[in-house]
Amino acid sequence: MAETSSFDLLPDEQRLARFMERIETGEKIEADDWMPEDYRMTLIKLISMHGISEIMGALPEKEWVPKAPSLKRKLAIMAKVQDEMGHGQLLLRVAEDLMEPLLKSREHIIQDLLSGKLKFHNVFHMEAKTWGDAGLIGWLVDGAAIITQTNMLNASYGPYARALKRICAEEVFHAQHGEAIIMALAEGTGKQKAMIQDSIDRWWDALLMFFGPGDASTTGTSKQDITMKYKIRTKTNEELRQDFFSKYIPRVLSLGLKLPDETMHFDKTEGLWKYRQPDWSQFKQIIKNNGPKSRERLRLREISYTSNKWVLEALSVRV
Amino acid sequence: MKYTKEEALIHKEYHSALCELLFQLADDDFILAYRGSEWLGLAPHIEEDVAFSSISQDMMGHAVIFYGMLEDLGIGKANDLAHDRPAEERKNAILLERVNGPGTYLHEPHYDWAFAVVRSYFYTGIKKIKIASLKNSSYIPLSQAAVKIEMELYYHLLHWKTWFTQLLGAGGEAKKRIEDAMAAVFPDLDGVFSFGAARTMFIRLALITSEEEIRQEWIQMMRPIFESLGINMPNSFGLESGNGRDGVHTEDLEAALKTLTEVYRIDQTASW
Chain A
14 MAETSSFDLL PDEQRLARFM ERIETGEKIE ADDWMPEDYR MTLIKLISMH GISEIMGALP
74 EKEWVPKAPS LKRKLAIMAK VQDEMGHGQL LLRVAEDLME PLLKSREHII QDLLSGKLKF
134 HNVFHMEAKT WGDAGLIGWL VDGAAIITQT NMLNASYGPY ARALKRICAE EVFHAQHGEA
194 IIMALAEGTG KQKAMIQDSI DRWWDALLMF FGPGDASTTG TSKQDITMKY KIRTKTNEEL
254 RQDFFSKYIP RVLSLGLKLP DETMHFDKTE GLWKYRQPDW SQFKQIIKNN GPKSRERLRL
314 REISYTSNKW VLEALSVRV
Chain B
9 MKYTKEEALI HKEYHSALCE LLFQLADDDF ILAYRGSEWL GLAPHIEEDV AFSSISQDMM
69 GHAVIFYGML EDLGIGKAND LAHDRPAEER KNAILLERVN GPGTYLHEPH YDWAFAVVRS
129 YFYTGIKKIK IASLKNSSYI PLSQAAVKIE MELYYHLLHW KTWFTQLLGA GGEAKKRIED
189 AMAAVFPDLD GVFSFGAART MFIRLALITS EEEIRQEWIQ MMRPIFESLG INMPNSFGLE
249 SGNGRDGVHT EDLEAALKTL TEVYRIDQTA SW
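Chains A and B, in that order, give the protein sequences.
Note that the numbering used here has the first sequence beginning at 14, numbered continuously upward.
Note that the numbering used here has the second sequence beginning at 9, numbered continuously upward.
Just so you know, the hints here were simulated from the structure itself, not pulled from any lab data.
Errors might be hidden in some of the hints.
Facing chain B, from chain A, some residues (calculated, C-beta under 10 Å) [to be verified]:
1) Ile68
2) Val78
3) Pro79
4) Thr143
5) Leu198
6) Gln205
7) Met208
8) Val324
Here the structure is a predicted model, which is why all the values come from computation and not from measurement.
Ideal Cβ placement from N, Cα and C applies to all residues, glycine included.
Bound conformation, chain B alone:
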């Protein structure tokens, strides 16, 4: 069965599962777009600065779409959902909230480009598989949005794949740095696949395909690339820092929320 917004508003169980999924999607894109915006002006070269910024803007745009759907479902204003929820209410995967590297974007930002490439590449691939599945979602507005989002993801994925293969293929220090970055990303990668406690509900209500299918599809997509570059994919990933879908988060998110709400909090009733 397919649901319109009006129908979703009537069915309590459907409404609650749908909102849970939308929060996961929105919070993932929102926090990673934020991390991308911290990179502005600091990327390895000017051309990349421009390209990376486009991708971050697209991601922020996707977050706006998802928060907008939550607003339509009566959860609250999109702006407040993005800015006014404490860390424990956030549903993003922990991997995506992690800092870009030592320092802050204002002071001594010794950011790690290898980490940016690996995190962005892996996240984008997984997101693309989720979005492809969402094209068949039972929630009509979400399936329609997925069609548009998927077109943009084609370019994001191509971009990060190009970086990943070039840096690994170059060997030497670059290869070592990418391998180190993968060693930092894999132990938390399960958090990106996870749908948290709502996983069975998502499938029963035909909102999205299962975590397991998404994982298998991603491994299938990545395996030939790993093989061609002569690197191994671990047999299992991890959820070492905890599951963000359950509201478990790190100091990194707390600090990010403080920064990204600094002006918003001066006066929440004011129009900015």
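Just chain A, with the same shape it has in the complex:
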């Protein structure tokens, strides 16, 4: 207690120095600890976007939940989408604690989503046209998510790091669930095989974009530097994308699938995958909610929000 109050009396630059020292030595920052404003704001932006993306991310797959082709698949995909909602809930709770000193709540997060101020992940603006897409989302989108989230497992902010630990463990199941759907299709009829090739072809660019642009030149801003300075993440977008290629390209090819990029190859001297850049101007459009399904999915959230308003009001009445 005595230590806390003497810390409170320090000028800001000394508090910042102490804060950076804690981060450098691997100590975790907790919700009630002092933190510099840009650290708090970066975390709020990152975690509320992550949380809301989990929730918006449930929607493309959810389209296939009632349609899953067997009892086993129905049960599995219901559980999978439920997990995503659960991740959303866990993350929004972490974001809510960070927002509390700013007198903001979950209500603001939802409002910001609906007004377009809060973005959700580019990949969840895409169309999930076939059952193959339901498999591909689990396999490769969740696979990509594991790579980016593992990168933050040691994040300096304790509540986020702990939430990610649980989320990553569940994402591994999701990737296996997706892989199981894909394997069944890959070992199936000609039509089924064609279904996954079609999914890969349509989702490839979105998967490359998943990790974000290489630097700020694409979108004008990038949070990479600040998140690395504060030890929230350790690797750059491009390093994560390369990790994804190394892990998944051999698997995609081993299923007899073709990559929709004939230039893709591993450059042994540089130790890097060489690939065709996706259309980053399209990425800019997508994250501005001008993607193929942006409006429709936001509309679903809006309907849920408005048509259930009476429920939330009734919940606030003490009975």
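Using the hints provided, position chain B relative to the given structure of chain A.
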């Protein structure tokens, strides 16, 4: 007398009555779990989305158990029983097939949470009484499954009761909406109690207790809750839309079957 699977397979009359009951149980859970899965991502808040989904998964799991027993009794593959039977062969109560509200789950789903609460609460209570009776069923595998299912139903019932009492107790718009939902549910509630034409056979073969006993027990369970909330229970319910146990169904079921078999029908011989 108690029957094992092998014994049930030999006695023709028993086999046929047992399968009828299993179809009713399986189809009820299957279609309501489907309706629950349409709610995914649309529930009033995120916590409820997670909880409701757990309940729907449990229900789908119960349907899988019942379809699995039918498979063991030589009726067909569980997957095909769930996906490949036309509406007129389905035995679910009509109340459970009804849509969640205007729109579809993909387009403009203006779903009615009050209807979801009332339908789920009433159904779960009735199911719990049936399952309790099934613990003493003459069919051994069913009595064993009932023990496990009953444990889960305790939580389902508590969940829906909490919603029901909170929304009614809150008064105002919420109370009005719940009352409207009850006005929509009661006229078809008899369909959930009904065992259809097989009712006398079920009792004679000691498969399950009578409709009347289940109804009385449910009324007894609900009456104090209704009284404490200051609402009246109607003297009788209804079977207005027809009896699903006799294969009578609505367009809502037709549309649901079309959606839930969309991928399955691409190639029924394929492995998915």
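### Task
With a cut-off of 10 Å on the beta carbons, see whether Pro79 (chain A) makes it to chain B.
At about 5 Å, which falls below the 10 Å cut-off, the nearest Cβ of chain B leaves the hint on Pro79 (chain A) intact, so it holds.
### Message
Min Cβ distance, Thr143 (chain A) to chain B: is it shorter than 10 Å?
### Response
8 Å, holds
### Query
Going by Cβ atoms only, is Val78 (chain A) closer than 10 Å to chain B?
5 Å, holds
### Query
Per the CB criterion, is Gln205 (chain A) less than 10 Å away from chain B?
Holds - the Cβ of Gln205 (chain A) comes within 10 Å of chain B, reaching about 6 Å at its closest.
### Query
If you take the shortest Cβ to Cβ gap from Ile68 (chain A) to chain B, is it below 10 Å?
7 Å, holds
### Task
Using Cβ atoms only, decide whether Val324 (chain A) comes closer than 10 Å to chain B, and label the hint accordingly.
4 Å, holds
#### Entry: chain B contact restraint for Met208 (chain A) - C-beta distance below 10 Å
9 Å, holds
### Message
Would the hint on Leu198 (chain A) be counted as holding, given a Cβ-Cβ threshold of 10 Å to chain B?
### Response
Where the cut-off is 10 Å and the nearest Cβ of chain B is about 8 Å from Leu198 (chain A), the hint holds.
Comparing the model with each numbered hint stated earlier shows that all of them hold.
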